[in-house]
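Participant: Go by the hints and put chains B and C onto chain A.
Chains as they are written, first to last, in my numbering: chain A, 1 to 311; chain B, 1001 to 1351; chain C, 2001 to 2343.
I should point out that these hints are in silico values taken from the structure, not numbers from a laboratory.
There could be a bad hint or two in this list.
Claimed, not checked - Okay, derived cross-link-like pairs now, DSS-like style, lysine-lysine, Cα gap no bigger than 30 Å in a straight line:
1. A:13 to A:252
2. A:232 to C:2239
3. C:2247 to A:145
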Amino acid sequence: MMDETPKKLVELKDLQLYFNQGKSNEVRAIDHVSFDIYEGEVFGLVGESGSGKTTIGRAILKLYEPTAGQILFDGQDVTHLKHKHLSEFRKDAQMIFQDPQASLNGRMKVRDIIAEGIDINKLAKNKAERDAKVQHLLDLVGLNKDHATRYPHEFSGGQRQRIGIARALAVDPKFIIADEPISALDVSIQAQVVNLMKELQTEHSLTYLFIAHDLSMVKYISDRIGVMHWGKLLEIGTADAVYNHPLHPYTKSLLSAIPVPDPEVESMRQHIEYDASIETDGKERQMVEINPGHFVLATPEEVSVYKNQQK
Amino acid sequence: MSNPILKVENLHVNFNTYAGTVQAIRDVSFDLNQGETLAIVGESGSGKSVTTKTLMGLNAKNALIPDNSRLIFKDRNLLDLTESDWQSVRGNEIAMIFQDPMTSLDPTMKIGMQIAEPLIKHRNMKKEDALKRALELMKGVGIPDSEEHINDYPHQWSGGMRQRAVVAIALAADPEILIADEPTTALDVTIQAQILNLMKTLQKDTGSSIIFITHDLGVVAGMANRVAVMYAGKIVEYGTVDEIFFNPQHPYTWGLLNSMPTTDTQQGGLQAIPGTPPDLLEPPKGDAFASRNAYALAIDSKEEPPFFRVSDTHYAATWLLDERAPKVTPPVKIQKRWAHWREMQEQESQA
Amino acid sequence: MAANTQDFVIVGAQDSEANEHIAKPALSFWQDAWRRLKLNKLAVISLWFLAFILAFAFVSNFVMPQQQANSFNSDKVGVYKNLPPKSGLPIPGWSGQIKAPGDTTSTDVYASQNVPKSEKFILGTDNIGRSLAKRVTVGLRISLLVALVATFIDLLVGVAYGVLSGWKGGWVDNVMQRIIEILSSVPNLIIVTMLGLVLGGGVLSIILAIAMTGWLGMARQVRNMTLTLKERDYVLAAKSLGESSFKIAIKHLIPNMAGTIIVQIMMTVPTAIMFEAVLSAINLGVKPPTASLGSLISDASSMLQFYPYQVLIPSAMLVLVSLAFILLGDGLRDAFDPRASED
Chain A
1 MMDETPKKLV ELKDLQLYFN QGKSNEVRAI DHVSFDIYEG EVFGLVGESG SGKTTIGRAI
61 LKLYEPTAGQ ILFDGQDVTH LKHKHLSEFR KDAQMIFQDP QASLNGRMKV RDIIAEGIDI
121 NKLAKNKAER DAKVQHLLDL VGLNKDHATR YPHEFSGGQR QRIGIARALA VDPKFIIADE
181 PISALDVSIQ AQVVNLMKEL QTEHSLTYLF IAHDLSMVKY ISDRIGVMHW GKLLEIGTAD
241 AVYNHPLHPY TKSLLSAIPV PDPEVESMRQ HIEYDASIET DGKERQMVEI NPGHFVLATP
301 EEVSVYKNQQ K
Chain B
1001 MSNPILKVEN LHVNFNTYAG TVQAIRDVSF DLNQGETLAI VGESGSGKSV TTKTLMGLNA
1061 KNALIPDNSR LIFKDRNLLD LTESDWQSVR GNEIAMIFQD PMTSLDPTMK IGMQIAEPLI
1121 KHRNMKKEDA LKRALELMKG VGIPDSEEHI NDYPHQWSGG MRQRAVVAIA LAADPEILIA
1181 DEPTTALDVT IQAQILNLMK TLQKDTGSSI IFITHDLGVV AGMANRVAVM YAGKIVEYGT
1241 VDEIFFNPQH PYTWGLLNSM PTTDTQQGGL QAIPGTPPDL LEPPKGDAFA SRNAYALAID
1301 SKEEPPFFRV SDTHYAATWL LDERAPKVTP PVKIQKRWAH WREMQEQESQ A
Chain C
2001 MAANTQDFVI VGAQDSEANE HIAKPALSFW QDAWRRLKLN KLAVISLWFL AFILAFAFVS
2061 NFVMPQQQAN SFNSDKVGVY KNLPPKSGLP IPGWSGQIKA PGDTTSTDVY ASQNVPKSEK
2121 FILGTDNIGR SLAKRVTVGL RISLLVALVA TFIDLLVGVA YGVLSGWKGG WVDNVMQRII
2181 EILSSVPNLI IVTMLGLVLG GGVLSIILAI AMTGWLGMAR QVRNMTLTLK ERDYVLAAKS
2241 LGESSFKIAI KHLIPNMAGT IIVQIMMTVP TAIMFEAVLS AINLGVKPPT ASLGSLISDA
2301 SSMLQFYPYQ VLIPSAMLVL VSLAFILLGD GLRDAFDPRA SED
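This is chain A alone, in the form it adopts within the complex (with noise of 0.2 Å):
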């Protein structure tokens, strides 16, 4: 598939965000975490709430400050950008949100929200560029022109996650951030909010990071999956590697737990519990690539143990 090195777009360098540090309460969100999301791919982001996944794609965009360790766009470090870098930079990388009803603003009309992106970076220089603009958005996530006039609460779930998606899309980013776009939807709008953001990524070239809590949406989604636990990073590797042959105990166990659409195979599913007690052992771990481009977080013992279930 990938025959020359691809470009890396974005890069994570031992990244840390610590909240409340040094206190009592200290919470370590994001633990030592590197990874690299190539150019035109999906990299999904998986793990439980309080793993860290959020404040990973919230860190990427500057919208939490790292406490230390690095992070590069397209080459360049952002870590630290301000002022015009950082506006600039804010044009390549756009989010969606979870929740679609807490992420539009309920006093503002469909086609300002939409606008917003367009407004602060002046990219329309009339109302009329402007109007044909929230259009054609619109029209790429499947909603109606009436629906331009219209406030956040009269739309479905669904309905509103599109319009968020549009409002990303509105400054032409390379880089999406999807944070848990579908977790509170419906089944059935899920698919179609997942097929949507397929087609975009094709049709305008971008690049994906996909954070969820359901590895079955991810799986099919992604190319390279990530899974997070207590801010760390415990596996990494590619979609079919990830979700047919995990190797870490704690991603074996979230596989157990996905509910699948068939009662014969519910009927026998297992799930396996998880024994956490392994990460804190204070034993130094670090990323070890048991198979070409498959990672997993262990001690040198460990990794003989996971070399050996591979056979």
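Facilitator: Showing chains B and C alone in chain A's frame:
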């Protein structure tokens, strides 16, 4: 045959709003049998939550329920109950597990006391006895070191533990019917798996009947004995869990099943249902699903389909089952399910 | 069933135009709030009453200058003083007659003081013969002016301070909140007295005194709302689109707390009116001959036993106006409440 503990007949619920009357439930009938789990599946706005609220007598003030609607439970029509009658039913004979464990517990009350409260109220237990029983219930729902935690407040617990407490409260008065409204939607998958396992075990022990409301067919497959699929305020298909998953007949059920990724879903294989559910302020004429249905017939937009019998336990409201309708080929993944269904039938007839 | 075979032809799904149709009429937040406010009768009556009072106070400026209500003819004080209300119609208690304490029959004061037959005072006169109707009109004007201007200053300062404090957070917020705490621990009366000394009393110093202490509540409320709203996803979305902090405040924060702010204003106005009255009662209010509702009440209160109407009329005005603001504020609070927006 089966023994219905609850019969819902011709239920209609309308809501008066400034913009007009919203027909949230449009003629819903179903039975709940003793000891079974009935799953009601649908999207938001399908009326599944209004159904449960009606069953609990918790509808908003602007709800209108016509006189011919009936909810028969123990030889009485629940819709005739006064508010004070309801209070002896709610939490006692019919209990509910809510979606969000964060908001369904009282943050200012000790958890042990919250579990004991229905016992004191409905069973006239003394406080000490009720708390003893609460401790047993906490152990029953798998709360570790229950003795130490009986005096905790909700904020000291994680989401999964809180939902266990909610389950314990619902079970406290040993209800005959348990209504679970999306009980795991707000939880992480691993926690969801634990809570679902817990509910299954508890049902085996207590023999209560469960109405399980969800939009997630994966959860339904593991929990339900029978399934009713709701769309736009109506039930469009109902049957046993195997019938719904392996022999689905309604195009909406097909759409729901197809929009979920399964283990063998390849890239590009996810088929979403286009569009948005209809606005029940102006329910469309005929079949409400017609405008989103790739298999819609001309008659769908003129006349509402009646229920067609597929088997004694399986009915679907789609004109495709009419003898005059053309034979359609369902999506590939549904064909696979049908093929599996035929295998199952053959195996059964051989055995 | 009238269906024929043509009805059983596959037509497929319709286009998105039909699929994404929304039947509800488009309704902005304000239209929706107005719709819900209209359901509250008391609030609507209050709204009309206040609209009438404000219009009346405004128009009266042109019809009746303050001079006219303040001046009196010192030669005729004996004739015109302390006349009871007289409507000119035979309505009991409104016919120019009054029963003095101890008397068994009421006397026609107009006749006994030889007031010319053609003259009548609809709300009576005060102890130096000035028309109470004119005095109350002017007093209402001053009271409303004081309250509205003070509230307006509260609004400007309080909202700006609150948004800044909440948005910046960290040490800025810390310092700003400590300042609020210090200010709110200084008794109002001290501030008023000091301002009176510096500015020499009068309407301006009262407005400033009320405003200086009143904005604290607004600032606290706005800061709390800002702390909640700034974590909302749409604010994060605006940030990630590169919106400036000032624009975020104007476009996202303030519109979303408009409900709270308006309710707070509705509650501040009656407080300011009352506070002004209290100041007048302890002689820190407006200086004679200028009248406010408060000063009218306090001037006449010593004669309450003999001429109760001189106290009751401005008091009733004060209570009605304050009550209307409070009832309207209550109605608005319900109208803006998002929990009620489900129906």
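Participant: Evaluate each hint against the coordinates.
Facilitator: Going through the hints against the structure:
With a CA separation close to 26 Å, the supplied pair residue 13 of chain A and residue 252 of chain A stays within the 30 Å bound. With a C-alpha separation of about 27 Å, the suggested pairing of residue 232 of chain A with residue 2239 of chain C holds against the 30 Å cut-off. Note on residue 2247 of chain C and residue 145 of chain A: the hinted pairing holds, with a Cα-Cα distance of about 27 Å set against a maximum of 30 Å.
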